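Just need the whole structure built from these sequences, with the hints factored in.
What follows is the residue order along each chain.
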Amino acid sequence: MFASEVICVTAIVLEVCMLLLLLRRGLWRTYTFLFVYAIWLLIGNSAIFATFLYFPTVYPSLYWNIDSIDVVLRFVVIWEVFHQTFPKRSGLNKSLSKGLGIIALSLLIFACGTFLIYQNYTGPRSIHLALDRSFGFVQALMILGTLVTARYYGVRCGRNIRGIALAFGAWVSISTATNAMADLSSSFISYWYYLRPLSFVVMIAVWIWALWVYEPNPPIMESEAIDLNRWTQDWNRTISTARTIIRP
Amino acid sequence: MINLIFFTILGLALFGSFIFIALQGSPKSLPDSSAVQAVTEIINLEGSSFANARRLLDDTDYQALCSNPDLRRLALRLRNDRRQLALTWISSLQNDLIRLWRFRRFLIQRGVSSSMSEELRTLQALLLSLVLLSFIRLSIRAAGPFALPRATRQAGQLVDSMSAGAALVLGRTPAAGWAEIERSWVKSAA
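Chains as they are written, first to last, in our numbering: chain A, 1 to 248; chain B, 1001 to 1190.
Calculated from the structure, these hints are not laboratory results. There is no bait here: all hints are sound.
A few chain B positions that, by computed beta-carbon distances, are all more than 12 Å from chain A:
id: 1; residue: I1043
id: 2; residue: F1106
id: 3; residue: S1184
Selected chain B positions facing chain A (Cβ under 10 Å, derived; list incomplete):
id: 4; residue: M1001
id: 5; residue: N1003
id: 6; residue: L1004
id: 7; residue: F1006
id: 8; residue: I1009
id: 9; residue: L1010
id: 10; residue: G1011
id: 11; residue: L1012
id: 12; residue: A1013
id: 13; residue: L1014
id: 14; residue: G1016
id: 15; residue: F1018
id: 16; residue: I1019
id: 17; residue: A1022
Since we're looking at a predicted model, the values are computed, not measured. For each residue, glycine too, the CB sits at the ideal point set by N, CA and C.
Have a look at this one:
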């Protein structure tokens, strides 16, 4: 029990540090969505800790309800990573947003589906665990997809977004796996009680490290419209030549 | 049950992917094309500007001459000439590498930012490239210019990668100052 309290207090202290870091350096203006999520984490975890100390009877239901709200709010972090990596006015955003939006929607439908078809809920905990892992899995895929797409197009991520994305992705994926293991074997529950909050603390620590130095994503260098038109014309000419060769 | 096993395996696989990406580090930044252009303008790279390496190392002519017994002597002369040319080209590439390295040092001496690890990586690349070029030279001396045509042809890429490194450093200075850098470089090289 003492270890749980220590982990919980550590998490709250780190969350306060992160908020102070975001406020002190004015980073909250750049990373507004992350800032909102950080406020939520502090409020949620403080409420959980206070209930754990003073109202133990309502603690389990409050813990799971806050966790379920958190599952939804985590999308805010994904949005932050995405819109920082592919800014709204960039050509890549214009080209990819529609396709990526469809993929994101399909993943959400998949998450809802895997949550609804899982019928063997043994109790309220299992419902929350199923919700957490179904959406956690999709969230990890979304973050990984964003990072892989950025790498594919040679978009460089600065320390801030890279640290946030990697720590968040690693945390939601390990959370997905441990949640499934906890439902798979009840003997894993005792490890899960420590593993999940510990991995969360590690994520917050990495976020603090990532935000310690202001290093946003470098701007995407885009070519002039004249160059783009010339390249398009060259490309179209190449395609038509290739077609002529293939089908004379 | 299948659902749970699926999430366990995929969750762990995703975790592994994130750790892998984190360990890989951020992708190397590519130099600005204008900086690459500027480097080639500032430094006269004799070896890498030679465009006929493929022709030089192609043994088709030599084989054609060898097939005729009357032209064997001519074939041997051609081989020797090509060997001399290949050796000259390789030494030009070595000079290019050293010139690029000096230019890089010159930029950093003038206050362009760089890190210790970047400097060590450059030094390592330079030493390895010089060793490789020396080995190619040795092979040309010992076995002729047609023995390792592929390795010899690719020797030019060593200079290109070194040139990209120098362009990366040059790209950290404002483009407006490149003309002044060129003037100072010419003065210091004289």
